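From first to last, the protein sequence lines are chains W and Z.
Quick note: the first sequence uses the numbering used here, first residue 1, plus one each step.
Quick note: the second sequence uses the numbering used here, first residue 1, plus one each step.
Do not rely on the hints blindly, as some may be mistaken.
[Unchecked claim] On the chain Z side, residues computed to face chain W include the following (Cβ under 10 Å): (1) L6; (2) Y82; (3) G296; (4) A320.
In case anyone wonders, no lab produced these hints; they're calculated from the structure.
Just so it is clear, the structure is predicted and the values come from calculations on it, not from any experiment.
Note that the Cβ used here is the ideal one computed from N, Cα and C, for glycine as well.
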Amino acid sequence: MQALSFAVHIPLVCFGIALPAIVLFVEWLHLRTGDPIYLTLARRWTRIMAALFAVGVITGTILSFEMGMLWPGFMARFGSVFGLGFAIEGFSFFLEAIFIGVYVYGWGRLSPRAHLLSGLPIVLAGMAGSLMVISVNAWMQHPSGFHYSGGHVSDVHPLAALFGNSFLWNELVHMYLAGFIVTGFLLATPYALKRLRGTWGRYERTAFAIPVAVAAVVSPVQVLVGDWAARDVATEQPTKLAALEGLAHTTRGAPEHLLGWYADGRVKFGIAIPKLLSLLAFHDPNATVQGLDAVPAAQRPPVNIERISFQLMVAIGTGLALLGAWFLLAAWRRRSLPASHWFYLAATAAGPLSVVALIAGWVVTEVGRQPWVVYHVMTTSEAVTNAGGIPVGYGLLAATYVLVAGAVAWVLRRLAAAPLKLAPQAVAGSPGGS
Amino acid sequence: MHLYLLPILFVLAGLALYVVLGGADFGAGLWQLATLASPRREEEAEERAERIREHAHHAMGPVWEANHVWLVFVLTVTWTAYPQAFGAIASTLAAPLLLAALGVVARGAAYALRAGGRDRRELARIDTIFALASLLTPFALGATLGAIVSERVPPGNAAGQLFSSWLTPTSLLVGVLAVALSAYLAAVYLAADAAREGQAELVEAFRVRALLAAAVAGALAVAGLFVLHGDAHRVYHRLLDGPGLAGLAVSVAAGLATVGLVLARRFEAARGSAALAVSGMVAGWALAQQPYVLHGLTLRAAAAPHETLVLVVVATIAGATILFPSLGLLFGLTLRGRFDTGAEHRAPSEAPARSDGRAQGALSPLRAGLRTRLALAALLAGVGLLTVAEAPWAHGVGVACLFAAMIVGFLALDPARLAAGAPGAGEESAGGPPGGG
Numbered sequence: 001m002q003a004l005s006f007a008v009h010i011p012l013v014c015f016g017i018a019l020p021a022i023v024l025f026v027e028w029l030h031l032r033t034g035d036p037i038y039l040t041l042a043r044r045w046t047r048i049m050a051a052l053f054a055v056g057v058i059t060g061t062i063l064s065f066e067m068g069m070l071w072p073g074f075m076a077r078f079g080s081v082f083g084l085g086f087a088i089e090g091f092s093f094f095l096e097a098i099f100i101g102v103y104v105y106g107w108g109r110l111s112p113r114a115h116l117l118s119g120l121p122i123v124l125a126g127m128a129g130s131l132m133v134i135s136v137n138a139w140m141q142h143p144s145g146f147h148y149s150g151g152h153v154s155d156v157h158p159l160a161a162l163f164g165n166s167f168l169w170n171e172l173v174h175m176y177l178a179g180f181i182v183t184g185f186l187l188a189t190p191y192a193l194k195r196l197r198g199t200w201g202r203y204e205r206t207a208f209a210i211p212v213a214v215a216a217v218v219s220p221v222q223v224l225v226g227d228w229a230a231r232d233v234a235t236e237q238p239t240k241l242a243a244l245e246g247l248a249h250t251t252r253g254a255p256e257h258l259l260g261w262y263a264d265g266r267v268k269f270g271i272a273i274p275k276l277l278s279l280l281a282f283h284d285p286n287a288t289v290q291g292l293d294a295v296p297a298a299q300r301p302p303v304n305i306e307r308i309s310f311q312l313m314v315a316i317g318t319g320l321a322l323l324g325a326w327f328l329l330a331a332w333r334r335r336s337l338p339a340s341h342w343f344y345l346a347a348t349a350a351g352p353l354s355v356v357a358l359i360a361g362w363v364v365t366e367v368g369r370q371p372w373v374v375y376h377v378m379t380t381s382e383a384v385t386n387a388g389g390i391p392v393g394y395g396l397l398a399a400t401y402v403l404v405a406g407a408v409a410w411v412l413r414r415l416a417a418a419p420l421k422l423a424p425q426a427v428a429g430s431p432g433g434s
Numbered sequence: 001m002h003l004y005l006l007p008i009l010f011v012l013a014g015l016a017l018y019v020v021l022g023g024a025d026f027g028a029g030l031w032q033l034a035t036l037a038s039p040r041r042e043e044e045a046e047e048r049a050e051r052i053r054e055h056a057h058h059a060m061g062p063v064w065e066a067n068h069v070w071l072v073f074v075l076t077v078t079w080t081a082y083p084q085a086f087g088a089i090a091s092t093l094a095a096p097l098l099l100a101a102l103g104v105v106a107r108g109a110a111y112a113l114r115a116g117g118r119d120r121r122e123l124a125r126i127d128t129i130f131a132l133a134s135l136l137t138p139f140a141l142g143a144t145l146g147a148i149v150s151e152r153v154p155p156g157n158a159a160g161q162l163f164s165s166w167l168t169p170t171s172l173l174v175g176v177l178a179v180a181l182s183a184y185l186a187a188v189y190l191a192a193d194a195a196r197e198g199q200a201e202l203v204e205a206f207r208v209r210a211l212l213a214a215a216v217a218g219a220l221a222v223a224g225l226f227v228l229h230g231d232a233h234r235v236y237h238r239l240l241d242g243p244g245l246a247g248l249a250v251s252v253a254a255g256l257a258t259v260g261l262v263l264a265r266r267f268e269a270a271r272g273s274a275a276l277a278v279s280g281m282v283a284g285w286a287l288a289q290q291p292y293v294l295h296g297l298t299l300r301a302a303a304a305p306h307e308t309l310v311l312v313v314v315a316t317i318a319g320a321t322i323l324f325p326s327l328g329l330l331f332g333l334t335l336r337g338r339f340d341t342g343a344e345h346r347a348p349s350e351a352p353a354r355s356d357g358r359a360q361g362a363l364s365p366l367r368a369g370l371r372t373r374l375a376l377a378a379l380l381a382g383v384g385l386l387t388v389a390e391a392p393w394a395h396g397v398g399v400a401c402l403f404a405a406m407i408v409g410f411l412a413l414d415p416a417r418l419a420a421g422a423p424g425a426g427e428e429s430a431g432g433p434p435g436g437g
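Model the full structure from these sequences, guided by the hints.
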């Protein structure tokens, strides 16, 4: 159930991280140039931001309910260790809510400079919030900062638990960049569609170029960061790596398998590239990679879910990086947007695909941790609630989310359909430079 | 003063603020429900009902998200500082909490939907969802609280009854009381907002509603004492002849004062006293309930280890120093009417159009080449430090380099200029309005 809520919440988080920054950039462009096109864009995107944030608030609230409703064992035992991260996250959420209120309702009611400034805390609070949430997740992956014996937690050091953790940094950077990639491509998708349908005025070009430029700069870097994260997983969570790669036995100079299906201790129908896994994971083609057989069968995560999600994420991520590189190349060589029809087809697909990659990536970290909720300390079954009726609640919540998703789609269509309603107003306001 | 008491004070303060601010929000939704439910034939009455709904919607627009984050604050501090109590409450009372959660989802979704609503019928339908959810959520949260008051939540993972723990007289009473209080607070606040905007008709409408709701909430509170006597005897005693009496007295006095102020049309003062009445109720309950937080579990036993408590207190105080000025800004702007309809053109947030050569790209073209080279250099350094080097410090510097590469690279791209330039293989620039000047 919580998985469902997270899957709904995560894409919204991406918008929370990246959209304010992009909107602010556009508003700043308007202030620099006085060009009303940027004002139109910024106001249009502000409405999207407000609608998505409203939904983000509710999914976020639901998550905090669920923490206790579903994982009472986990909360009761470890709340004192990691809860601080959420308490601080609560504050940044708060700041975000406050300044979104000021920003959204401040259009046309605050001076331009004050309005631009009121948007800055949203960006900062988004950063702080993701830092906190990911610090908790990183702690679950790589727990420290407490002493645990016989079901009791003692000697608790929350600061060390949350921030003295090598996992935090690669997870944080990976997630933060993912936020910009998803927002960039998804925001550009409707404008790429317009290009395919033949509407390609300066408004559409600008609305397309800005988010895609963000995603294009970020997505190649994400490949590097992902590689860094994978190397950390290799040293700290070898079982997860083994599941990702479907490596049954501890192997020296392990091969990398592309595609295929894991069954009976090996990858079937896959393409094996000799020694690549050892090279990628440890920068040494002959390094030993620990296999699944290093832990008892009960402590292994579901291998095929892991492998498929991982390969999906890597494949889409690489594709997005190539798309970004295409954009960069065109910009560098010809100082213009790519002209090829194919680019816009790909860009249309990139938005939804980036969400798929995002969710696949989240499955990789979370399912890869199974059967542990706190890695090597507490299993998921120890943490889950004893209360009955979970399926009923699950069904109710799932139905609600389907409704909400439909509603969001509807409202976004409506917002996008309102044809440049703001433009005439913006134009009417600008002559005379008042 | 013991350290383990400090976080509960924060939690209670947060709870009081949530009841007051979030409650006023729920109440606004309830008054929308009232206009939707009463059958109407004439066009004029329909329009009047719509004005009431619009007023209620607009009054909470800028602040509702902030109002509801108080609940998140209450939950996070509780689970950090009193993890055992939180685990027990949330698992035993999963059913009412799920109801509250569904209400929160429906409310937020309806709120977001309203932005896309086009005609009157659509808006009325969206408002109905919103209003029903505004009824469900405070009731469910009140019922949750009622189960804690009547001490039906034993410590442990879902150790209490899933349904009979909260389908009790106390829970029902607190739930209904929560709804009534929400309606009362909202009516007072909406009357004050209408008075500020000078809408005489709406002032009267909400003044009558405030008085009605005050009478109902007062009657419920008195009836509640009898219910507590039968169902939650320990709390009843500590409330009437124990430490809870002070809170109760403040609540009663402030409640009566509010009625007087509303009668005298001093709405801004009534805002404060109405909030005080509700806060007094929360304080009275807390004093009556302590030293136990759950059945047989004292607050001291439920508290987290020392270092966690210290950090929670420090984080809360540090957070509050940032939070309260920001909240002050938001409410200051809202209450001074800066976000009212009609205030829009007081300060147009449009920059003057420039007619110099910078109208299309914001950055000067000369340095674009330099930026590209800088970005490439930072990228190379980042790859070297992050991917090739092994030391953790090198990874840190590498990430910093990569961020620099991305930012400088983005500026070098200057997407606004790309878009302004040759229009790809498309049509003439017809979609956007022409540049300034």
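Do the hints match the structure? See the list:
1. L6: violated, 13 Å
2. Y82: The hint holds - Y82 (chain Z) has a Cβ within 10 Å of chain W, the shortest such distance being about 8 Å.
3. G296: With a closest approach of 15 Å, the G296 (chain Z) hint is violated.
4. A320: This hint holds: A320 (chain Z) lies near chain W, its Cβ roughly 8 Å from the closest one there, short of 10 Å.
When each numbered hint is compared with the structure, violations occur for hints 1 and 3.
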